[in-house]
Amino acid sequence: MSTSRDRDKAEARARYEIELASLYEEYYDRIARYACVHIGDRCDAEDLAGDVFLKALKSLDSYEERGVPMQAWLFRIAHNLVVDYLRKKTKAIPSYAGTVENAFQQADADPELMAEQSIRMEKVTRAMVQLTADQRQVVGLRFLGGLSSKEVAQIMKKSDGAVREMQRAAVERLRNILAIEG
Amino acid sequence: MQSPHPRWERVRVRVIPKMADNFDQTLDRCLDRIRSGEDIESILADYPGDTIRLRPLLRTTVETVQAYSYSPAAGAKRDARERFTAALTELRETRRQKQPWFKRAFVRPATWAAVATLVVAIVVAFVGVRPALSPLFSPGSQVLPIAPVTSAGGNFAFLISDEVNAIADFESVIVGIDRIGLQRQDDGKWIEFKPEIAEVDLTQVPGDAVQEVWRGEIPSGEFRQVFVYVDNVTGVLKATGRTTEIKLPASKLHLSLPFAVTDDSVTSFTYDMTVFGTGNERNQKYMLKPQIGESGARQDPRQQKEYPADKGTGNGNNGKSDDRNTSPGRPASLPTPTRKNNKE
Numbered sequence: 001m002s003t004s005r006d007r008d009k010a011e012a013r014a015r016y017e018i019e020l021a022s023l024y025e026e027y028y029d030r031i032a033r034y035a036c037v038h039i040g041d042r043c044d045a046e047d048l049a050g051d052v053f054l055k056a057l058k059s060l061d062s063y064e065e066r067g068v069p070m071q072a073w074l075f076r077i078a079h080n081l082v083v084d085y086l087r088k089k090t091k092a093i094p095s096y097a098g099t100v101e102n103a104f105q106q107a108d109a110d111p112e113l114m115a116e117q118s119i120r121m122e123k124v125t126r127a128m129v130q131l132t133a134d135q136r137q138v139v140g141l142r143f144l145g146g147l148s149s150k151e152v153a154q155i156m157k158k159s160d161g162a163v164r165e166m167q168r169a170a171v172e173r174l175r176n177i178l179a180i181e182g
Numbered sequence: 183m184q185s186p187h188p189r190w191e192r193v194r195v196r197v198i199p200k201m202a203d204n205f206d207q208t209l210d211r212c213l214d215r216i217r218s219g220e221d222i223e224s225i226l227a228d229y230p231g232d233t234i235r236l237r238p239l240l241r242t243t244v245e246t247v248q249a250y251s252y253s254p255a256a257g258a259k260r261d262a263r264e265r266f267t268a269a270l271t272e273l274r275e276t277r278r279q280k281q282p283w284f285k286r287a288f289v290r291p292a293t294w295a296a297v298a299t300l301v302v303a304i305v306v307a308f309v310g311v312r313p314a315l316s317p318l319f320s321p322g323s324q325v326l327p328i329a330p331v332t333s334a335g336g337n338f339a340f341l342i343s344d345e346v347n348a349i350a351d352f353e354s355v356i357v358g359i360d361r362i363g364l365q366r367q368d369d370g371k372w373i374e375f376k377p378e379i380a381e382v383d384l385t386q387v388p389g390d391a392v393q394e395v396w397r398g399e400i401p402s403g404e405f406r407q408v409f410v411y412v413d414n415v416t417g418v419l420k421a422t423g424r425t426t427e428i429k430l431p432a433s434k435l436h437l438s439l440p441f442a443v444t445d446d447s448v449t450s451f452t453y454d455m456t457v458f459g460t461g462n463e464r465n466q467k468y469m470l471k472p473q474i475g476e477s478g479a480r481q482d483p484r485q486q487k488e489y490p491a492d493k494g495t496g497n498g499n500n501g502k503s504d505d506r507n508t509s510p511g512r513p514a515s516l517p518t519p520t521r522k523n524n525k526e
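Here the protein sequences come in this chain order: A and B.
Numbering follows this note's numbering, in which position 34 of the first sequence is assigned residue number 34; successive positions increment by one, without gaps.
Each number in this note's numbering corresponds to the 1-based position in the second sequence with 182 added.
Keep in mind that the hints are not guaranteed to be accurate.
Straight-line C-alpha distance at most 27 Å; calculated DSS-like pairs for lysine-lysine [claimed, not checked]:
| no. | chain 1 | residue 1 | chain 2 | residue 2 |
| --- | --- | --- | --- | --- |
| 1 | A | Lys55 | B | Lys420 |
| 2 | B | Lys371 | A | Lys9 |
| 3 | B | Lys259 | A | Lys58 |
| 4 | B | Lys434 | A | Lys150 |
| 5 | B | Lys434 | B | Lys371 |
| 6 | A | Lys89 | A | Lys150 |
| 7 | A | Lys89 | B | Lys259 |
| 8 | A | Lys55 | A | Lys89 |
| 9 | A | Lys58 | B | Lys371 |
No wet-lab data here; the hints were simulated from the structure.
Whole structure, please, built from the sequences with the hints as guidance.
Dropping the structure here:
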């Protein structure tokens with residue numbers, strides 16, 4: 001009996017390992033961008049994205065499908081690591097100081113385009129700081145993480161409706177700050 | 183102040199939140215469509231009543247997404263991948279060490295390879311070479327860590343071909359392939375595998391000739407993109423006998439070409455790449471790029487596909503003739519591949 005259970009567990013573990021590895025290419029980028037929104041430093045955000053996969057690998061035994069897709073689980077780990085990071089850095093709200101410079105230091109694109117993108121990102125990041133932490137998380141998970149509102153609700157342990165409401169409030173707030181016309 | 187009509191008050195209390203929730207749902211659906219690449223105006227066309235309110239919000243969303251549309255540094259990503267791969271390998275090794283010796287022997291690929299070799303040797307000695315044995319060597323069993331589940335035979339074969347352009351200038355063009363990635367249509371996940379034949383000489387596969395580099399079992403479904411991660415390209419010119427540089431547009435050759443893989447058939451995907459000349463006669467340069475028009479998938483019934491008596495009809499062959507090599511049991515006329523032994 002227990003041998004059969006062990007075998008099932010081992011098979012599930014092997015399946016999850018393959019699934020986790022297959023998510024790496026796409027979700028590393030998304031998690032790095034999500035982390036960048038919260039911690040305001042691209043290099044640290046990229047390190048953190050790598051740490052998310054290592055942590056996920058170590059915690060794979062605790063992962064159970066139960067309707068939570070693995071990508072949503074990865075963002076939950078990412079969020080916990082972001083919180084730890086900010087706590088260590090004693091940053092209640094990220095300052096975003098140097099974010100834009102860091103973000104484009106290694107880019108090998110056209111300098112003019114880089115400058116344009118840099119200004120754009122700076123403008124949006126300054127607007128993001130003015131959102132509540134929850135709103136920032138919704139925007140990060142939805143727009144940069146590419147998750148559905150249902151998956152965001154699972155990560156934030158809130159109802160779908162609450163997430164949609166926060167999302168609308170966040171976008172309206174960003175719209176006002178960025179002064180985007182209709 | 184008391185409402186002149188108490189019932190109105192109740193109605194307002196109930197209806198207003200519902201309307202707000204409806205708008206939240208509409209916005210949510212619009213944001214999903216933005217994420218999937220639709221443009222704002224085509225989305226708004228479906229919500230004429232909410233256009234004025236939705237338009238600025240959708241523009242804000244696009245602005246936010248585009249502001250963060252940078253790609254993380256390739257070096258950082260590569261380092262993180264290596265750390266992840268090392269951790270995964272270590273974890274598997276530790277797990278393997280904890281198993282009893284007889285279980286270890288069964289999961290150890292080298293042992294399997296030795297057993298398989300012995301079986302083949304015995305069969306060859308007593309029965310002679312039969313094509314039906316070749317699935318024993320289904321490639322992909324060494325793929326780590328981003329690997330599809332593989333098995334003998336398999337439902338998917340990956341083939342390389344060369345559209346004739348500047349290939350006649352070369353004595354050989356060896357393309358080293360590190361790995362191949364397939365992106366699923368539904369969830370965008372990647373399936374990656376290492377080719378069993380990691381080096382292909384494009385001069386040996388011109389036009390309709392092909393070289394199968396991998397065969398195995400992958401999850402069925404629809405796929406939208408194919409990446410071939412190229413390690414190196416070495417070209418030797420006929421005229422001088424010297425090695426010349428063949429540039430790559432990127433470290434991976436990218437094709438956006440939808441195709442489907444099913445469990446009950448064998449999908450053979452032919453990835454056509456070509457060397458073409460740039461510059462002038464005095465300063466000739468060469469580049470390797472994928473050819474979407476010559477690439478494509480075809481499907482054949484599974485049993486028939488393994489060792490076809492005839493060539494099958496196939497579908498979506500994108501202009502390639504039906505006598506392409508689509509199985510390991512096929513044509514003696516095929517060039518002998520440059521094999522890189524991936525096995526331990």
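Status of the hints after comparison with the structure:
About 53 Å separates the Cα atoms of Lys55 of chain A and Lys420 of chain B, which puts this hinted pair outside 27 Å; it is violated. Proximity of Lys371 of chain B to Lys9 of chain A is assessed by CA-CA distance (about 24 Å); at most 27 Å being required, the pair is judged to hold. Distance restraint check for Lys259 of chain B and Lys58 of chain A: the Cα-Cα separation of roughly 19 Å lies within the 27 Å cut-off, and the hinted pair is therefore satisfied. Restraint check for Lys434 of chain B and Lys150 of chain A: not satisfied, since their Cα atoms lie roughly 34 Å apart, outside the 27 Å limit.
For the hint pairing Lys434 of chain B with Lys371 of chain B, the CA-to-CA distance comes to about 17 Å; that is within 27 Å, so the pair holds. Between the alpha carbons of Lys89 of chain A and Lys150 of chain A the distance comes to roughly 31 Å, so the proposed pair goes past 27 Å and is violated. Only pairs whose Cα atoms come within 27 Å are accepted, and Lys89 of chain A paired with Lys259 of chain B is accepted, the gap being roughly 23 Å. A hinted pair counts as satisfied when its Cα atoms are at most 27 Å apart, and Lys55 of chain A with Lys89 of chain A qualifies at roughly 20 Å.
With a CA separation close to 21 Å, the supplied pair Lys58 of chain A and Lys371 of chain B stays within the 27 Å bound.
Violation of the numbered hints given earlier is confined to hints 1, 4, 6; the remaining hints are satisfied by the structure.
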